[in-house]
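Visitor: Sequence:
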Amino acid sequence: MSDDKKTQPDNTLWRYWRGLGGWNFYFLAKFGLLWFGYLNFHALPNLVFMAFLLMPIPSPRWHRWRHLIAIPIGIGLFYHDTWLPGINSILSQGSQLTGFSADYLLELINRFINWQMIGAAFVLLIAYLFLAQWIRITVFTVAALVWLNVVNIAGPAVSLLPATNTAAVTDTPSTPATATTPGGNLPAANGPPTNANLTAYLEQFYQQEKARATTFPSALPADAQPFDVLIINICSLAWADLDAVNLRNHPLWAKMDIMFTNFNSATAYSGPAAIRLLRASCGQPSHHDLYQPANQQCYLFDNLAKLGFKEQLMLDHSGVFGDFLKELREQGDMQAPLMSQAGIGNELASFDGEPIYNDLQLLNRWLDLQKKGGDARTATFFNLIPLHDGNRFVGGKKTADYQPRAQQLFDQLNTFLDELQKSGRKVMVVIVPEHGAALAGDKMQMSGLRDIPSLNITHTPVGIKLVGMQAPHQGSPVDIKTPSSYLALSELVSRLVDGKVFTAPSVDWQVLTQNLPQTAVISENDNAIVMQYQGKAYIRLNGGDWVPYPQ
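The numbering of the sequence shown is this note's numbering, which starts it at 19 and goes up by one.
Fair warning: there could be bad hints in the mix.
30 Å max Cα-Cα, derived DSS-like pairs, lysine-lysine [unchecked claim]:
1) Lys390 with Lys518
2) Lys389 with Lys273
3) Lys389 with Lys440
4) Lys461 with Lys554
By construction, these hints were calculated from the structure, which means they are not laboratory data.
Please build the complete structure, drawing on both the sequences and the hints.
Guide: Have a look at this one:
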């Protein structure tokens, strides 16, 4: 064969480089969401995915197959880059969705759709199609993603947000976390907020919390005064919710003797919140440890029972949804029989269609039972859910507005405190919410979603009222501004457990409330941890890296 007839096929790969095509819009949409703080962007996986899309392939058939294979990968990666609940969380909570009414599910779906985002995406698509006629968009997309990866080398996460909005700052006075804070035992937060330092801070916190516990007396003195402890555990109530419906100044809160204005519920779900409250006599455990056996001294109601307080349990619901009552029994060691709800009216139905019983009627029934018991000491846990998302008035199909439900509940509690005062009975009333309702939502979660325990959800109003005192508190409530959680409540109960404060001719409220245990602001659900560090909030999802909480 002659040399001039020889053909040299040119199969060099450079001839088969193709642009990203429509995938440019995919990455541009991500860049836009990242800029406004709506993504937990993972730079390297996105770069690998882009390399997969750009890799030259000679065969047009295989090129088409690559695009088909890329579609589910792209969807999965996009989901991974969002703040949406992880797969494990969805699977763990998914069984509860079957209990939601159809109307509530439709409302959640409609709430999930952000029409402004859809409109912005449409404008971006048109702009891309228009500019792609003259500009090779792939060059800019590749350059932007490579730059994000270079920037990411310097830290655990990437944020294109303006510097003033890279982290959430609480709207309440914060105490810098130092190891020597009086009454605090808080972990030191001295280093910069690197991934390693934030992880070390969390580990130090849990190690210190394991060593903390309330010391109750082994027995009451002979001159101890009998009284009742009534803990009212309210679902879906945070300071942010009060502000959203203009109820921060409701007369109920002014009636309190003590207010914790920097209290952290440490979780955003009902079951874990109730367990944490029932185990208030020990330091704050991790979410995992909530479902492990605990030392018996951790159980607040057991500590009171050993001193002669009869345990009592009230719910304004059945406790069936989410195995709530079962968790109270198994993880909270609350074995008292459920107080009868027979004959109690209901104006609200829950998101799963069950009745929510009238709380004032239940409290009045409780008061009647205490009167029949004479001077017996009692400790009652009362969980109520009229503020939960999805509740509706009987006969209605739409979720009832939060404001009238909250107004009615606060009015009922206010009325009950007046009735309690008239009864002459000595009672320590503790109002402690489980978590907030997430009325406003934020860039990470839509309204009503609580998979991530943000500060707006876990920063809850906690009030204490001592009814029947010989020398009642005068003026505004004593304001506990230090970072506090359940251990502070347990400590306060232990200081009052002999009941002498009710018959004392005078009470030094500052001495009574000084040096209460402080607890660092750390909240945890199954797959998410939100932590305040040096006055700013950081989040870790599914065991990954820490990133600033976007505002």
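Visitor: If a hint holds in the structure, say so; if it does not, say that too.
Guide: Going through the hints against the structure:
no.: 1; hint: Lys390 with Lys518; in the structure: holds (23 Å)
no.: 2; hint: Lys389 with Lys273; in the structure: holds (23 Å)
no.: 3; hint: Lys389 with Lys440; in the structure: holds (12 Å)
no.: 4; hint: Lys461 with Lys554; in the structure: holds (16 Å)
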